[in-house]
Structure formats: structure tokens, C-alpha cells
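Student: Sequence:
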Amino acid sequence: MTNNTAIIIEPDAMNLARKGAELFAQNARGSAHLRGRFVVAISGGSTPRLMHRLLCREPHLSKIPWSKTHIFWVDERCVPQDHEVSNYGAARDDFLSGVSIPEEQVHPMPVHVSPEKGALAYQGELVRFFQPGNMKIPVLDLIFLGLGTDGHTASLFPGQSALADEEKLIVSVRGGKPDVSRMTMTFPLLNSGREIVFMVSGKNKARVLKTVFDEPEARLPVQKIQLLNGKLTWLLDRDAALLLTL
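When we follow the working numbering, the leftmost residue of the sequence shown carries the number 131, and every step to the right adds one.
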């Protein structure tokens with residue numbers, strides 16, 4: 131662990147979701163104050179969905195500067211937006227439909243074209259939005275990530291060539307459950323973020339989490355998260371942290 135890494139352990143998944151919503155709101159206000167906007171990348175999954183449902187309720191609803199918020203997606207399955215496994219569809223149902231965010235500030239991954247064309251188009255959208263210039267890689271204010279039992283994060287799974295991609299910001303991949311084509315942010319983009327928050331809950335994550343912390347030689351995909359200048363926060367519930375020695 132480095133000095134810019136924090137570990138927060140909550141009693142259960144619901145308290146973890148509450149803490150995640152607090153971090154979202156806190157970062158939103160700080161980023162909007164400092165830079166005039168808040169740019170966040172969100173993930174799918176059961177744990178972040180609990181958090182998302184809190185964002186459109188008080189006390190967070192009125193404290194988040196939605197008019198200055200831009201939402202991108204870390205990854206997406208290449209399915210229609212109304213499909214039950216669509217990350218965009220889940221976020222729309224969970225909180226986007228209940229907040230006053232301008233439609234043009236919601237940036238879903240394009241699923242109406244091939245995965246390869248969609249990845250290229252989303253990369254282009256990121257570059258146009260950030261206009262990074264000499265920075266080359268856009269810098270997101272906040273990125274929420276999860277952790278799979280196989281050590282994957284985003285849609286970056288063990289054994290994929292995408293793990294070693296240092297050029298692209300977005301790539302198309304295949305894997306996970308269900309086994310469908312996906313688009314995902316790559317490590318160069320993720321590692322350029324100002325802050326990453328991992329949300330991990332459940333006893334089924336305890337063993338892989340211990341490996342992440344104690345066995346750097348395991349070379350799990352998630353272990354390639356090494357922020358260049360940002361802050362890394364591990365937000366865990368007690369079950370997930372069961373095997374950790376901190």
C-alpha cells in the first residue's frame with residue numbers, strides 16, 4: 131500500500147453503499163468548485179447499484195451539483211440499452227431518471243454499432259470532451275470499480291490481450307457472465323484518474339481480496355491499477371475484508 135491508498139471497512143453492503151454515495155457527493159462538490167465540473171465513471175454490478183439508488187434521494191440529491199456533473203461508463207455489455215444486463219439501463223432506472231442532469235451530460239457507450247466501432251467512437255468522445263492536449267490521456271475526477279472473484283476489474287479479465295494495451299483508451303473484449311462482447315476502459319485511462327474507489331462486498335470476495343493485498347506476484351488484472359497521481363480508496367464490507375490483516 132502507498133501513502134495515497136485508503137481502506138474503509140463498513141459493517142455490511144448497505145452501509146458500504148451509503149459511504150460510496152457520500153464519497154460521490156463529496157467529490158462532486160469538490161470537483162465542481164475547483165474545476166467547474168465533475169466527471170465520474172461508473173460501473174455496473176449489485177454493489178454499486180445499491181449506491182446509485184441512494185444518489186437520487188436525500189441527503190445526496192440536493193447536495194450533488196447535477197448541472198455540472200458528467201457521467202461516463204467504465205464498461206458496458208454490447209446489448210440494447212433496455213436489456214436487463216445493460217449497465218446504462220441499470221443506472222438510468224436506479225438514479226438517472228430521478229435527477230436533474232442534462233441529457234447531453236450523460237455519456238453511455240454506443241451499443242448500436244459493432245464492439246470495435248463502439249470502442250473507437252467512445253474513445254473519440256472522451257478525447258473530444260477532455261481535449262487533453264499535451265496530457266494525451268484524459269483525467270477523470272472519480273472512477274468507481276468493482277472486483278471479480280477471478281481478479282478482474284472493469285471488463286479486463288485474466289488472459290486478455292487488453293491487459294497489456296498501452297495505446298487505446300477503450301477496447302472491445304469478450305468475457306464474463308454473461309459471455310458477451312463488451313467495451314471497457316483500459317488501464318492507461320483508469321490509472322490517470324484523480325481518484326478510484328473500489329466497492330467490494332461479500333464473503334465470496336474475501337479470498338481474491340487477500341490475494342490482491344498480500345500476493346503482488348499473482349499478477350491479477352486488478353493489480354494493474356497503479357494510479358499515476360491519484361488517490362485509491364478500497365471501500366469494503368466486513369465480509370469481503372474477512373481474511374485481511376491490516
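Incorrect hints may have been included.
Claimed, not checked - Below 20 Å or equal to it, Euclidean Cα-Cα: the simulated PhoX-like pairs (lysine-lysine) are:
hint : residue 1 : residue 2
1    : 298       : 354
2    : 340       : 298
3    : 149       : 361
4    : 354       : 340
5    : 298       : 247
6    : 266       : 298
Stated by the list, open to error - Ranges of calculated distance between the beta carbons of each label pair, as one might list FRET restraints:
hint : residue 1 : residue 2 : range
7    : 211       : 376       : 33 to 43 Å
8    : 234       : 340       : 35 to 45 Å
9    : 138       : 254       : 32 to 42 Å
10   : 164       : 307       : 30 to 40 Å
11   : 259       : 340       : 15 to 25 Å
Worth flagging that the hints you see were computed from the coordinates, not collected in a lab.
Where a beta carbon is used, it is the ideal one built from N, C-alpha and C, also for glycine.
Student: Hints first: check each against the structure and report whether it holds.
Tutor: Results of checking the hints against the structure:
1. 298 <-> 354: holds, 15 Å
2. 340 <-> 298: violated, 30 Å
3. 149 <-> 361: holds, 16 Å
4. 354 <-> 340: Since the Cα atoms of residue 354 and residue 340 sit roughly 16 Å apart, the hinted pair holds (cutoff 20 Å).
5. 298 <-> 247: holds, 13 Å
6. 266 <-> 298: holds, 11 Å
7. 211 <-> 376: 33 to 43 Å: holds, 40 Å
8. 234 <-> 340: 35 to 45 Å: Check passed, 43 Å falls within 35 to 45 Å.
9. 138 <-> 254: 32 to 42 Å: holds, 36 Å
10. 164 <-> 307: 30 to 40 Å: holds, 39 Å
11. 259 <-> 340: 15 to 25 Å: Violated, at about 38 Å.
Taken one by one, the earlier hints fail for this structure at numbers 2, 11, listed in ascending order.
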